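Student: First to last, the sequence lines map onto chains Y, R, G and Z. Using our numbering, you'd call the opening residue of the first sequence number 1 and step up by one each time. Using our numbering, you'd call the opening residue of the second sequence number 1 and step up by one each time. Using our numbering, you'd call the opening residue of the third sequence number 1 and step up by one each time. Using our numbering, you'd call the opening residue of the fourth sequence number 1 and step up by one each time.
Any given hint might turn out to be false.
As the list claims (entries may be wrong) - Derived lysine-lysine pairs resembling DSS-like cross-links, with alpha carbons at most 30 Å apart:
1) 114(R) <-> 264(Y)
2) 324(R) <-> 24(R)
3) 24(R) <-> 43(G)
To be verified - Covered by chain Y, per the in silico footprint, the following chain R stretches (three or more residues, Cβ under 8 Å):
4) 127-140
5) 145-154
6) 164-170
Hints were generated in silico from the structure; no laboratory data involved. Predicted model, so just to flag it, every value in this text is computed and none were measured. Here a beta-carbon is modelled for each residue, glycine too, at the ideal position from N, C-alpha and C.
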Amino acid sequence: MTPVLVILIPLTGAFLLPLLQFLSRKIIVLVVCLAGGLSFLGNIWGACSGWLRPTVHLAGGWPAHIGIALIHDPLSSPFLLLAALGFGSVLICSFDRTEKFSWRFHVLLFLSWAAVNGILSTGDLFNLYVFYEIFSVSAYLLVAFSTMEWQAIEAGFKYLVFGTVGAMFFLFGTTYLFLFTGYLNMARISEALMSEPGLPVFIPAACFFIALSIKTGAFPSHFWLPDAHSSAKSLVSALLSGVLVMVSIYVFIRLFSVVFIVLKPLVFPLMLGTGSLSLLTGHLMALRQDDIKRLLAYSTVAHLGYILIGLGCASAAGFNAAIYHAFNHMAAKMGLFLTAGILASHAGTRKISELSGLGWDLPFVSILFVLFTAVLVGVPPLNGFMSKWYITLACVERNQAIPALLIILGTVISSGYYLRIIRRLFSGKGTQGTSKDRGATWYVVTLMGVLCILLSLLPLFPVFTDTLHILGNWIMDISMYKDLVMIP
Amino acid sequence: MNPALTGFIFLLLIATAVSACLMKDILSSVIALSVFGVLLSIVFSILQAPDVALTQAVINSGMITSIFLVAYSQTMKVRSGEDNTRVIKTYYPFRTDEMVILFICIGLGFFLWKGIVPMGFSSLSGDAANHYINFAGVETGASNIVAAVLFDYRGFDTLGEIAVIFTTVTGISILFEGSRYHRSSSGLSFIVRRSMAFVIPLIILYASSIVLMGHLSPGGGFQGGTVLATASICFCVVYGSSFEAARIHPWIKETLESTGCLFFAGLGLIGLCTGAGFLANGAAGFPLGTQGTFISGGSIPLLNMAVGMKVGAGLSSLFYSMVKILEAPFEGIPGEVE
Amino acid sequence: MNGPVVRLISFSLMTLGVFFSLASAIGIVRFPDVYTRLHAGTKALTGGALFILFGAALQCGSWQAAAKILLIAGFFLVTNPIATHAIARACYRHGILPEPAHLDHYGKTLKRRDLK
Amino acid sequence: MTMSSMSFAAAIIIFCTGFFTLLTGRNLFRMVIGISLMEGALLLFIITVGYVPGGVPPLLPLKGLPVNPLPHAFTLTTIVIGASHIALALAFVVRIHSSYKTLDVEKIRGLRE
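If we strip away everything but chain Y, and leave its shape as in the complex, we get (with noise of 0.2 Å):
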């Protein structure tokens, strides 16, 4: 299994739907099941190959300077683990009874899945561009997916002005980079960038800085995020708040850590600050909003500014701390809005207000649902507890007070605006009736729940400490990457 399958078979999916589209719904309702089973197949194999034993796949067969290497390793195979997660379940959901989705919106759906598998593995700049670029337009249009939807539509606009503007600032830093050094593949540029002096090296640092700030949605840049993200259907809000910001999380690790080492001790701690603005944004304007999908939004903002600490604290136990948050969000976060879809639907309307008395006629969603939130807002035995008391303990490792003390802040924000909502579901009588209705989302949400309590059971084990080492020292030690990709 070489790393390109993994990228080719949600792309041949992709490229196939269109010429079924006039067979029968069955075959084309195969044929997605089909793929997606094998993408899913394919991430859990690439993440386990690339964990084990680092492999590289040189397209073409010419060597990493001159064609384009595509690389697995300890640092993709999470996210491929978290991709396949999100993809495979935001793909079982789409086939719930109550909403019918047609062909397209698989289309898209394994088109974005192929552009952030390819996110993950390839080890080339401008590769990496290329298939950002598909994965954002990808995102654009699940945004809007629902046409028929102002809101959409215009969320969709927003994001790929600000998408747009990000995606020039990275072509601008790749092509400073390709000014300087010569070459384009990631560990080639930082052997070349180690004997350069400050400058050229400054400038496209800060234009990925922008680039990266921009299409994740962190602080100063964060205006499109809330809107996309509350605007879209609630499984594509999901899937976005869940796998598709992280991989921009993974691109700022996978860049400022190899590319940009030399600039170690400028950049860090300002990923730590913009981490720090966005995690008080995030959950002072979360409290703010009476509209529940715009709230998990603002508190999706909120948790990138954890992940964004993490990253900044620059060492292996941030590092690690931040990606096991990631999970920890994308499991929560991802239960959280599809739960809030259901109550919503159910409802008939997204303002918190309204939503009196749904605990008693759903209860086992509610409880669902004050579950993730519990993670979330990290009651102590709970995952989220776990990462953020990392996080904690890594930025007091590095002597940053501040940080730490806002992370502690954003619990007691956060348990605010939670209890808000979780008040006003078990206030009040249920008035329309007990739903018995378990629909694919319904499955799916359990079996994030089930995530969530297993990724609480996971620090119970010395392994997973000793695994989450690995992790920390590959990122830590780059020069590993570099002897995989440079062989001649």
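Add chains R, G and Z to chain Y, keeping to what the hints say.
Tutor: Same frame as chain Y, but now just chains R, G and Z:
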């Protein structure tokens, strides 16, 4: 090239760009943008990039301008309610917030300029470029080094590029779902129709020559495919929008597009199966032929054909989805207009 | 094929072409309405570009390149009048009349067609 | 001034013009025009990176020192990606106009609070 003349062309370029921003009428701005695109392609050919110049002329100043015009006419068709298409805005004097933005932009420009100065404006060729220049002919059999880079050394990028267009075409057909063709227009006058009947075969011939000679001369699948799509746009303009829709069902275009993509991926998989790597050319056993002859370059002409098929069908179906008229445009109330 | 006489002819053709282009540019600015401006604009291609292309065809070394340039010239000759015709017709149908119009045959034709 | 420095300067000026238009334009079309200008400037920038004074086009057989072919390959990709961005943006503009009946940015504020 005379430096004074070059300087003049660059000044003209900047002037068209600024006028595209400052003109009051949107339509004039779009035309200025098109002129900017043509000037840019002239600059590219001055900078010794014939491939890029061709692509720029065909895609950016041809295809994109026509899409701009379609979008403009679509927004002019709905005349109910207030129509702010022609918001006339005086640019002088700047408002204060615009002054701030202006300073931000100037700062950005200074910052970007600072990035080049340490390099003394000279470019470093690097290992990769030297390798391409010295060995591309031997290793790939193609005469056009850019085609060799695009389809052989960095063929994986091209797969991604195809996927971007595919995503866009799918997306635009999603955005315009539930709309129908406008069948009223009967096209232009008899003179235009008869003479276009003479010209369009030539356009198609030109497009196929660009696609098939992509490995020998500037051009390739993207450029040729776009020219093909331009022929299809000519059908729409000259013979009326229902002409082609009645003859070629959109499904046929989508099938062609998907087939092109799958063909590309399949050619790549041959390389993977022989163990040489994805999208391998000579190493996967494609005969490289004699460099400079028509049958040479191994898989590059085949990949060009796949891309040409895909881009031609894709862009033409993109145009036709945008020409359709929106029916039942929206449900619910749009945000309260103040 | 690059003798001094050929060069002289070629350059004078090009000069003629440049003159036509300049004249049409002035015309586009100076003329009063759409139709006269179109008339001026057409000269930029049929006069200017064609002469410049002929001059270029004389100067380029090989006959293949010259044939290519002549093909481009032929293409211009076919497409340019069509485009101008289409624009003028569209303008008329849009309701823009020439300023001092004494004769309006096209309008009569259109009216007759509408009556049928 | 050399060819490269002129070209870089023009690219940066046009990029900033486009960015200014994107930020200040009140009409949605104006914003898309800004994006289009920025894309064009970026293309010019990348091509200039590969330019060698006195170079020849990278076509075999070479008649001198060729320019760097790698940026040409990027630019081709970038042109196509940029064109799809703009086509998509225009499609969005048409859809927005069909629901808001206006193209004025100040009046399209359904999502703003």
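Student: Now look at each hint and say whether the structure bears it out.
Tutor: Against the structure, the hints:
1. 114(R) <-> 264(Y): holds (21 Å)
2. 324(R) <-> 24(R): Satisfied, since the Cα-Cα distance of roughly 28 Å is no more than 30 Å.
3. 24(R) <-> 43(G): holds (28 Å)
4. 127-140: holds (count 5)
5. 145-154: holds (count 3)
6. 164-170: holds (count 5)
The structure agrees with every numbered hint stated previously.
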